[in-house]
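Respectively, the protein sequence lines represent chains A and B.
In terms of the working numbering, the first sequence is residues 771 to 978.
In terms of the working numbering, the second sequence is residues 771 to 978.
Be careful, since some hints might not be right.
Subject to a maximum C-alpha distance of 20 Å in a straight line, what follows is the list of computed SDA-like cross-link-like pairs (lysine to any residue) [as the list claims (entries may be wrong)]:
(1) LYS809/A - CYS840/A
(2) LYS935/B - ASP973/A
(3) LYS875/B - ARG970/A
(4) LYS875/A - ILE933/A
(5) LYS906/B - GLY858/A
(6) LYS875/B - LEU826/B
(7) LYS907/B - TYR897/B
(8) LYS804/B - SER794/B
(9) LYS804/A - GLN912/A
(10) LYS935/A - ARG976/B
(11) LYS935/A - LEU878/A
(12) LYS875/B - LEU936/B
(13) LYS889/A - THR945/B
(14) LYS804/A - THR851/B
(15) LYS804/A - GLU803/B
(16) LYS876/B - TRP859/B
(17) LYS804/B - GLY858/A
(18) LYS789/B - LYS804/B
(19) LYS875/B - GLU832/B
(20) LYS875/A - GLU825/A
(21) LYS809/B - GLY858/A
(22) LYS889/B - ARG923/B
(23) LYS804/B - GLU832/A
(24) LYS889/B - ILE947/A
(25) LYS906/B - HIS841/B
(26) LYS935/A - CYS840/B
(27) LYS875/A - LYS935/A
(28) LYS809/B - LYS906/B
(29) LYS809/B - PRO852/A
(30) LYS804/A - ALA833/B
(31) LYS906/A - GLY943/B
(32) LYS875/A - GLY807/B
Don't read these hints as lab results, they were simulated from the structure.
This one's a predicted model, so the numbers in the text were calculated from it and none came from an experiment.
There are 2 protein chains.
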Amino acid sequence: MSLQKVHEETIGLKPPLVKVCGRSIEEFLDAIEKFHGWKAPGLVIGGFMVDWAQELIGPGIEADAIVETCHCLPDAIQLFTPCTCGNGWMKILDWDKFALSLYDKKRLEGFRIWLDLRKTALFPNIYNWFMRLVPKKSLPLQIVLEDIIAAGRSILSSAPVQITKLHGKKNRGITGICSGCGEAYPLEQGEQCLSCQGMRYFDLVRRQ
Amino acid sequence: MSLQKVHEETIGLKPPLVKVCGRSIEEFLDAIEKFHGWKAPGLVIGGFMVDWAQELIGPGIEADAIVETCHCLPDAIQLFTPCTCGNGWMKILDWDKFALSLYDKKRLEGFRIWLDLRKTALFPNIYNWFMRLVPKKSLPLQIVLEDIIAAGRSILSSAPVQITKLHGKKNRGITGICSGCGEAYPLEQGEQCLSCQGMRYFDLVRRQ
Ligand SMILES: [Zn+2]
Ligand SMILES: [Zn+2]
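Only chain A is shown next, with the shape it has when bound in the complex:
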């Protein structure tokens, strides 16, 4: 049974109503696979989260984003909003919480959306997938995806929020040249760059 079909029968919506982030379910899943490499369940849920947050915020608002995990959700934001990690409009908190906020960047008001575990009672496959209670082999991707699409927003909760802290937001200080590697780095890091202070993640390879 196609995902569209599942969704229609479960939720009772007619096809024209089943849009996520302005796309049909098929276009939505294609966009996810193209950017992310595969139809990750977390990213599909993330798409429903962004869709709801955008609807709550309303049109015409310049919104910044905060995601509370580095898994999947950053890609939902990047795919379906103008915010990217490189343009500074999305902040990623490495907290492993399945939640995101979109907020008016001027007024710092917006909405937080999260996966509400209590609401997954009707969808044990989603609960088991999320809590990693069942080995991947016994829970095929297609089954989880069908349930996620059938569930839509029904497994999510939302709350209006006022942003009070912008973690990691900082002005860039003075740039200097590292005496170790000769590369530019922020002087506030110390006498040398973090890499030369011992954080370096690579060894140089000598060529024969």
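Given chain A's structure and the hints, the job is docking chain B with the ligands onto it.
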């Protein structure tokens, strides 16, 4: 003068040779603007960095990425490789160093590319832009972009590297339910989730 024209006259390449990440300069810049919101100079340089790293690694290699700044370079990786921050194939080090590595994810061998300040001597606009020595008003975007495209790889250096540390790579531990907020979180964070431990970035808004 068009960017293509500048590039031809400066570098002496014929149009068919001027491809960045498999695209014409125009397509390359369009892709950047569409994803990132504007033609950020750092992202244009980042495109040349990714282009060079991919050529050095060669075709048919599954490559992961590390970027050493959260500004601009993550978007160059996400636009021109299959790696995204949400799919786990790109790691972002918040070190404010303008460098990236692409490496064979099995053998952990690859290439690091960085902006080599010594090589910018021929391009004072690029040096001044990068070191933020000139107010933005006196250095229009178009001028910087023309120089960056004229410069191409000539302002970059590369080195073969063996990856020795994968910063931030960790297995996810056991998931529990936070007694504060009722949401799922990694138990290793403590008795409650980081948000409930005081890192929370929002206040709930009461509706009238
Ligand atoms: Zn250094
Ligand atoms: Zn909590």
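A quick look at each hint next to the structure:
1. LYS809/A - CYS840/A: Holds - the C-alpha atoms of CYS840/A and LYS809/A are around 17 Å apart, at most 20 Å.
2. LYS935/B - ASP973/A: 10 Å, holds
3. LYS875/B - ARG970/A: Between LYS875/B and ARG970/A the Cα gap is close to 18 Å, so the pair holds against 20 Å.
4. LYS875/A - ILE933/A: 9 Å, holds
5. LYS906/B - GLY858/A: Satisfied, since the Cα-Cα distance of roughly 18 Å is no more than 20 Å.
6. LYS875/B - LEU826/B: 15 Å, holds
7. LYS907/B - TYR897/B: 16 Å, holds
8. LYS804/B - SER794/B: With a Cα-Cα distance of about 15 Å, the restraint between LYS804/B and SER794/B holds, given a limit of 20 Å.
9. LYS804/A - GLN912/A: 17 Å, holds
10. LYS935/A - ARG976/B: 18 Å, holds
11. LYS935/A - LEU878/A: 10 Å, holds
12. LYS875/B - LEU936/B: 11 Å, holds
13. LYS889/A - THR945/B: 17 Å, holds
14. LYS804/A - THR851/B: Holds: LYS804/A and THR851/B sit about 11 Å apart, inside 20 Å.
15. LYS804/A - GLU803/B: 19 Å, holds
16. LYS876/B - TRP859/B: Since the Cα atoms of LYS876/B and TRP859/B sit roughly 12 Å apart, the hinted pair holds (cutoff 20 Å).
17. LYS804/B - GLY858/A: The given pair, whose Cα atoms are some 15 Å apart, holds under the 20 Å limit.
18. LYS789/B - LYS804/B: 18 Å, holds
19. LYS875/B - GLU832/B: Given pair LYS875/B, GLU832/B holds - Cα atoms ~6 Å apart, limit 20 Å.
20. LYS875/A - GLU825/A: 16 Å, holds
21. LYS809/B - GLY858/A: Judged against 20 Å, a Cα distance of about 14 Å means the pair holds.
22. LYS889/B - ARG923/B: 10 Å, holds
23. LYS804/B - GLU832/A: Answer holds: LYS804/B to GLU832/A is near 16 Å, not above 20 Å.
24. LYS889/B - ILE947/A: 14 Å, holds
25. LYS906/B - HIS841/B: 17 Å, holds
26. LYS935/A - CYS840/B: Measuring from Cα to Cα gives roughly 19 Å; hence the hint holds.
27. LYS875/A - LYS935/A: 13 Å, holds
28. LYS809/B - LYS906/B: Holds, because 15 Å separates the two Cα atoms, which is no more than 20 Å.
29. LYS809/B - PRO852/A: 14 Å, holds
30. LYS804/A - ALA833/B: Holds: LYS804/A and ALA833/B sit about 17 Å apart, inside 20 Å.
31. LYS906/A - GLY943/B: Distance ~16 Å between LYS906/A and GLY943/B Cα, so the pair holds.
32. LYS875/A - GLY807/B: Satisfied, since the Cα-Cα distance of roughly 15 Å is no more than 20 Å.
Checked against the numbered hints above, the structure breaks none of them.
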